[in-house]
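These protein sequences, in sequence, are chains A and B. Letter 76 of the first sequence, counting from 1, is numbered 76 in the numbering used here, and no numbers are missing. Letter 210 of the second sequence, counting from 1, is numbered 210 in the numbering used here, and no numbers are missing.
Hints are not guaranteed to be accurate.
Since the list gives no way to pick one copy over another, a pair counts as held whenever it fits inside one copy or between any two copies.
[Unchecked claim] Pairs of lysine to any residue residues, derived as SDA-like cross-links and limited to a Cα-Cα distance of at most 25 Å, are as follows:
1) K146 to L103
2) K159 to W297
3) K228 to T190
4) K159 to L106
5) K146 to T166
Worth flagging that the hints you see were computed from the coordinates, not collected in a lab. The structure displayed is predicted, hence computed values, not measured ones.
Number of protein chains: 2
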Amino acid sequence: MNQPPTNKDGLTEEQFLQRYDASQFERPSVTVDMLIFTVAEELEPNYRKLSPKSLQILLVKRADHPYMGHWALPGGFVSPDESLEEAALRELWTETNIDNIYLEQLYTWGEVNRDPRTRVISTSYMALVDSEALEVKAGNDAEDAKWFRIEDKWLRENKMATESGTITEKWVELRFWNEAEELSATIKITRTVSGRIVREEREIVETNQVAFDHAKIIQYALERLRNKIEYTDIAFALMPELFTLTELQQVYEVILGKELLAAAFRRKVADKVIETNHYRKHAGHRPSKYYRFNPEWT
Amino acid sequence: MNQPPTNKDGLTEEQFLQRYDASQFERPSVTVDMLIFTVAEELEPNYRKLSPKSLQILLVKRADHPYMGHWALPGGFVSPDESLEEAALRELWTETNIDNIYLEQLYTWGEVNRDPRTRVISTSYMALVDSEALEVKAGNDAEDAKWFRIEDKWLRENKMATESGTITEKWVELRFWNEAEELSATIKITRTVSGRIVREEREIVETNQVAFDHAKIIQYALERLRNKIEYTDIAFALMPELFTLTELQQVYEVILGKELLAAAFRRKVADKVIETNHYRKHAGHRPSKYYRFNPEWT
DNA sequence: GTAATAGTGTCTCTGAGACATTATCGT
DNA sequence: ACGATAATGTCTCAGAGACACTATTAC
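Start from the sequences and build out the full structure, keeping to the hints where you can.
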């Protein structure tokens, strides 16, 4: 006869699981925070000029304590019957009425006193929304959700020697604004090189109408977005189905925060896109060809 | 007089926090899992030849249900008064008696049924340990922790068309072994390209003596390690204080799973290292210069 | 014609891959 | 002398930056 194996208490796996008491350990709350980015066109009165673009992020105004009246990342508690990613998709849907979008897990924030209510561990997800789908939103006026233009600014840097390496502190200012509001925050990024080990840490120095530690999360996301746009194809998640190469280049430029040379840029993306026969016309200058993403691109 | 703002229930922030009942929502358990890697030398009887190296990972044998007798990643519950990173450092210390090491958050795994006991959300951290510090370990024989050589093998790939893109499935086999044990697992990685959106998913097809979904986590870590070694300096975290360029190259080779050309490799790392005046001698061939990491390298 | 953007051609510089060549030990 | 690894030199090729140049439209 084949007996199932038992543990030190003489229990089989089935018995063990039946008696398992999950409430014996104190447990934290778990939430997801959504970083929903898009690139939108600004108004340009001169019909012959191109409209400049801006990077935008969706924030919601907090209706209750804590940080009442401040702006926060959309998000909420993870319920027991959904995975983290399902919770993120649910939040995305209720905030923007958009699904089937680029979604990527960013980081999990686990400091003890992030939230004054109770211990909250929060996993942040970055979503990229294309500028045309953006119009779709507007259904959820129950909550006060608004798009903010976002920009960061290098403030200053400070490098010190230690016994075994160096410490570099960098201050970065974030600004968020739209027609009605203007928020800001200052983040200090500390990079410690000690022997062969490099460690990086972020700290909020000052935060102006931005709730919790969310400014820190946004700064981190911005950095990740900048890195990833260089070596992956996430930029296309911000584009509509058809786009011109100049529009694509504008998206790169607004994320990287610097101008690119058209010739080199076109060479770089050449085999990631497919030419179409359509042109953007009536613009007062040479019409530009529309392209689409090339999914075959390895 | 300046009254503090109150919410819709007429409560100030202080009153709100006093009455906040954290137990109103059902909460998951949160754990950290540690992926502790090192690169160790294999035995080479011929004194004139270089010893080959192998990538190794630390696993612990489970003493209780579930997965009793299987091997798992070291880790444990996050207690209410410690941050995620503190929990990771604590686990690292109790498993290896090593601190001040490269530590990086990898990913948070949030599937609903990862653990048969209860809902468990787990944040995995990758730690890189240098091969000399490795000797330090051996204190913690309470638990059965062992180093395993690790290798992965590409098995097969399957690409299909869908209405809006493609699905690529890739099967990878992981093998873990040491003098006493041999474990294995097969992971299926599904890459879905749909429009401009690319998504990637991992699934365990088969797992042989590897507990929970840990084979999937390890496969993910291996991929991340391979990527990061190309564009960051994490390789140095695996090196002792002084090393030869050939040793450094061996570490790259064993992680990338391919041979590199010495000339190009030396050029690439040239400004990340500092020459010393010491040589490795008595090796039956031209002595090699020792180098150290250059922390000034930007 | 003019203002504006679209798109191409080409030079240079840099860095990686390939491979050959020289250097230096211990026995 | 031999076997082994250490270290450098150099050719080629691919890709990025720089910049000049041509093309095409709406008014």
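Hints and how they fare:
Proximity of K146 and L103 under a CA criterion of 25 Å is satisfied intra-copy only: 20 Å inside one chain copy versus 37 Å between copies. Taking CA atoms no more than 25 Å apart as the test, K159 paired with W297 passes between copies only; the shortest distance there is 14 Å, against 42 Å inside one copy. When the C-alpha separation of K228 and T190 is checked against a cutoff of 25 Å, the pair qualifies both within a copy, at 21 Å, and between copies, at 21 Å. In this homomeric assembly, K159 and L106 never come within 25 Å of each other (Cα to Cα): the closest approach is 28 Å inside a single copy and 28 Å across copies.
Proximity of K146 and T166 under a CA criterion of 25 Å is satisfied in neither setting, with 41 Å inside one chain copy and 35 Å between copies.
Against the hints set out earlier in the document, violations occur for numbers 4, 5.
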